[in-house]
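Participant: Start from the sequences and build out the full structure, keeping to the hints where you can.
Per the numbering used here: the sequence shown = residues 571 to 946.
Bear in mind the hints are in silico, worked out from the structure with no lab data behind them. Don't take every hint at face value.
Between beta-carbon pairs, the in silico distance windows are [unchecked claim]: (1) Ala672 - Ala796: 50 to 56 angstroms; (2) Glu781 - Glu853: 46 to 52 angstroms; (3) Thr721 - Arg942: 29 to 35 angstroms; (4) Pro641 - Glu932: 49 to 55 angstroms; (5) Gly798 - Thr913: 46 to 52 angstroms; (6) Glu747 - Lys842: 20 to 26 angstroms.
Positions of the beta carbon are idealized from the N, C-alpha and C atoms, including for glycine.
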Amino acid sequence: MASETSAPASPRTGPLHDRHVAAGARTAEFGGWTMPLEYPGGGVLKEHAAVREAVGLFDVSHLGKAVVRGPGAADLVNRTLTNDLARIAPGRAQYTLCCDDATGGVVDDLIVYLRSPEEVFAVPNAANAVEVIRRLRDAAPDGVEVVDQHTDLAVLAVQGPLVDDVLTDVGLPAGHEYMSFIDTTWRGVPVTVCRTGYTGERGYEVLPRWEDAGEVWDALLTAVTARGGLPAGLGARDTLRTEMGYALHGHELSLDITPVMAGVGWAVGWDKPQFWGRDVLVEQRAAKSGPLARGLLARDRGVLRDGLDVVRGQGAEVVGRTTSGTFSPTLRRGIALALLDRTVRLGDEVAVDVRGRLVRCEVVRPPFVRDRTRED
Numbered sequence: 571m572a573s574e575t576s577a578p579a580s581p582r583t584g585p586l587h588d589r590h591v592a593a594g595a596r597t598a599e600f601g602g603w604t605m606p607l608e609y610p611g612g613g614v615l616k617e618h619a620a621v622r623e624a625v626g627l628f629d630v631s632h633l634g635k636a637v638v639r640g641p642g643a644a645d646l647v648n649r650t651l652t653n654d655l656a657r658i659a660p661g662r663a664q665y666t667l668c669c670d671d672a673t674g675g676v677v678d679d680l681i682v683y684l685r686s687p688e689e690v691f692a693v694p695n696a697a698n699a700v701e702v703i704r705r706l707r708d709a710a711p712d713g714v715e716v717v718d719q720h721t722d723l724a725v726l727a728v729q730g731p732l733v734d735d736v737l738t739d740v741g742l743p744a745g746h747e748y749m750s751f752i753d754t755t756w757r758g759v760p761v762t763v764c765r766t767g768y769t770g771e772r773g774y775e776v777l778p779r780w781e782d783a784g785e786v787w788d789a790l791l792t793a794v795t796a797r798g799g800l801p802a803g804l805g806a807r808d809t810l811r812t813e814m815g816y817a818l819h820g821h822e823l824s825l826d827i828t829p830v831m832a833g834v835g836w837a838v839g840w841d842k843p844q845f846w847g848r849d850v851l852v853e854q855r856a857a858k859s860g861p862l863a864r865g866l867l868a869r870d871r872g873v874l875r876d877g878l879d880v881v882r883g884q885g886a887e888v889v890g891r892t893t894s895g896t897f898s899p900t901l902r903r904g905i906a907l908a909l910l911d912r913t914v915r916l917g918d919e920v921a922v923d924v925r926g927r928l929v930r931c932e933v934v935r936p937p938f939v940r941d942r943t944r945e946d
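Facilitator: Structure representation (structure tokens):
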């Protein structure tokens, strides 16, 4: 869940950067941070398969972190962000959106952890964290503070069918319900373990302190490799999330793409009296106007990418544009996410213009592969 927009001039490095370099990882800048793309001996295809078939370990410490605390903290989050925080109890997490009040466009998508009515922990995307925090601070009443914890905590994502075995092997809690979290201590180190993820597989995100990240990573990596898994970089993370049709800010979500267009209206508390962008989004939803997010499954050979025209018919009428695209390691064919005109229906045939060559595709509803996120 990271954006490529608004990145600072010089990339930052996370608490595990030296370990990734020592392991020979190929790195790249993403969201203003230097991150591992893939590791030697694995590569994107093998890392992807490890997550689908066994278990993978990701360092996503570049993600933003902030805490909203004080009397009325939960109320502040609920009257600004889209989802209805009143639907969940303390100890649960929720996917939500920070929208622009004037346009309804998405400033960022994030996960919030409800600890109590007076404390909400938030995980925005790396490049958008400063802006989300600024907006929350501007809206905060007296007595409520919004504290930037970006480099206070690391985030380690453990994903795959054998994930519970890995957490049990190292002595971390496992088996709790989807989108629930546990604050605990591991070998004297405070950690939060939340059952969530960004791959479509059963998974957890482990949040230790920044300075403790190396010790936790080493223990998890030992257990992951013992179970036949691999460390995985952002390359596999992207192919995995695209197979699930998960939105990536800067691609499927942006200030120009609203939750209605992106197909994430399920993360909007439509009955709430107030949240940023409510009036615009309610009107757009009722009008049933604007393009909609869809999946494209290639019928021809070809790798689909983002930013390509989607055309229809003999006249090659442009009916949309891809927002993400990749080769699906699971399906062994090209897949893409796209914003398409509402006249395009599920099951229709369209084509993607790949440098002048038309690649035929079927319009489908993601995910492209089985979603096992919530399975026990």
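Participant: Which of the numbered hints are not met once you compare them with the structure shown?
Facilitator: Those not satisfied: there are none.
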